[in-house]
Amino acid sequence: TLEPHFTDCISRDLETFRCWWSPGSLHNLSTLGALKIFYLKKDSHSSEWKECPEYIHDNRECFFDSNHTSVWIPYCVQLRGQNITYFNEDDCFTVENIVRPDPPVSLNWTLLKISPSGLSYDVLVNWEPPPSADVGVGWMRIEYEIQYRERNATNWKALEKQPHTKQTIYGLQIGKEYEVHIRSRMQAFVKFGEFSDSIFIEVTEIPNRHGLVPFTLVVIFGIVGVLIVILLIVISWQQRLMMILLPPVPVPKIKGIDSELLKKGKLGELNFLLNGGGLDGLQPYAKELYHEEPWVEFIEMDKENEEGGDKVDNCNSDTQKLLGLPHRNIDGLSAISHPDDDSGQASCYDTDLPEHDTQMLIASMLPGQPENHQASLDAPASETGERPLIQTQIEGPQTWVNTDLYAQVSNVMPSGGVVLSPGQQPKMQENITGSEREAQKGGKKSEDCEDNEGIEDWKKSEPQFQLLVVVPEGSGSTTKNNVQQTSTPPNSPVPGPGYQTIQPQPMETKPATMTDGSQPTYILPESPQSQLFTPVADYTVVQELDMHHSLLLNPPPNHSPSLCQPQHPLKAPMPVGYITPDLLGNLVP
Amino acid sequence: ELYFLPSKNQIGRVSHNCHTSTILTPNGKENAQRIAREELTEVILKLLVAWRDPLWHFHQDMAQHHEFNNFSSNKSLEMSDMVHELRKGVQKVVEKMQMLGIISPSIGNLGTPEALLASDSAEWRLMNDYDLLYCFRRDSNKIQHYLKILKCRIVPEHGC
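Heads up: the protein sequence lines correspond to chains C and Y, in order. With full-length UniProt numbering, letter number 261 in the first sequence gets 261, and the count goes up by one each step, no holes. With full-length UniProt numbering, letter number 6 in the second sequence gets 6, and the count goes up by one each step, no holes.
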């Protein structure tokens, strides 16, 4: 059995309080007015039981207003029936200890922010303190506790108690619905008030906002990266891009000639090019250079030649060019061109072809000597005379190894021969070697005006003569020692050092016809050996022509030329190095 | 922490006579609002003064008796220090208020040792620890409320 008792006594605002009772199992006391409530207020020892100041029978409640409420003073309540007093010591209390504040009101929430991942968000919850609690005066200090849970969860999550009227909930997940309620209690006290009504928080996914930010970032970074790459390409390939976008306008060019070289004024390279590089276009250019010298004819070169070339090859090429092919170097300025192909390639020792050509050339050189031609034509039959000539001629250039690479073409024969003026002094040794080579060749003797008989003598005799052979290189002097016939010293005019002339045909034929060998077939310059060492002038004047229309470079001043030295007295001394046209006329019958 | 009550085995009993019962204190909000600020301030100071020695002795007892853990001992020391600091603070505030003319300088010598001796300070020695703590808890609550009301009456802004 359960006797009437008090269920609870609560104060909401620390100013008033209420007590509720129940009649218990004794139903007969549940009627109205059957039970009375008395309270005792223990202050200053004037304690007497008083009846409840205000009954609320509907609730079985006894209400103590502010006039009857004293804080910090113990209260005791009891139930009294007809004759029975129901009292329990546990029903004594002080007001501040029974305070349970009302729950806060106006619960609301706002979205704080969504995480970058778009999966969670934070919410700020705010509320108003319970109106019953006089917080404004400071009489009540309330602290709050928020609890939240997912919609269908069973356990509440409680946040830390705090006295402010707003609080943030972190880590809520998008798409889920949350239930939130709040309660309050007095600071430093234990008893909480009732929970507020729940509010529901839910944030649905916002795809645009969620995916937009990272997408825009990606786009921006991509564009920036592409721009940087393009910038780098433009900077590094600036030149090439300029070439592609703005190709250079083609300017007129001469084939084989670099305009840059001309601008730079490199004569050496230019000469080289002119010599052999720009083959086709050189002729007009070269002609411009020598327009002042009309008698100078320029001969085209067929190919590029090495500058200097081999010494042996110089000999070959020169000879071949002279005798076989009408390839000449432009005088003075150009390097000696060296034939690369077979046209002039025949070595000095290759006698077959060059012999033939040589003979033909020689024959053509002396236009006024048809019989010579005949003789020359017949000469191939008898090689003795010719070959020595050829050989010497061929070998002539050999002696000019160390001579200058340049020779000026001082005159060009109408027949095609070229008169060159060497640039340097001849050398004796080469002459000797040349003669030795002749000896080594096995019997092919030097060109000479000797006949076959005098060949041996000629071998042995010191070279007294100089073979006048046109050297295309203009290399120095072509001092070819000719084996003179036994006795007679060479009466050939002294060539300007290293002077070479094409051996006139008649000279060659001479030995063939003259068995005596007294008639020199060559114009042998008078140059003694001593003369060989003198510095050579670049030009030599053709002083006179002999009776055979041979050019005499330095005619002997007094005596008539020996048989081997056909001479042609010149009308007048010539300035060195030049042949005037009238002289040419003299030369050419 | 100010109102921390060490866990005792005794459940709350209501029959208490605190040594500070002689001090007339307003028992409700209205009463506290009605009295003058000077009286209110005086009441506060009286309470604070009355509790200085008892708390000190209480702490001494707690430290000596090792059956209590360190937590209780530290808490008792905290309570003693806190009350001490609070009293000093209130005295300064009162002096300031008197200087500003907010309250009349009728309060004077509450903090002096003479005032302390005047009070019946022997009662608290008879109380057991539980009752002592109970009384202290009640009085500290009073002090807290009175200070709050006083603050809002003097300085109405900031949460009043």
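Since the hints were made in silico from the structure, they are not lab data. Do not rely on the hints blindly, as some may be mistaken.
[Claimed, not checked] Output of the computed footprint for chain C on chain Y, the stretches with three or more beta carbons under 8 Å from beta carbons of chain C:
id, region
1, 57–63
2, 130–143
3, 146–153
Note that CB positions come from ideal geometry on N, CA and C, so glycine has one too.
Assertion that chain C covers the region 130–143 of chain Y - criterion: three or more residues, beta-carbon distance below 8 Å:
holds (count 3)
Against chain C, does the region 57–63 of chain Y show at least 3 residues with beta-carbon separation below 8 Å?
violated (count 0)
Count the residues of the region 146–153 of chain Y whose CB lies closer than 8 Å to any CB of chain C, then report whether that count reaches three.
holds (count 4)
In terms of the numbered hints stated before, the structure departs from hint 1 and from no other.
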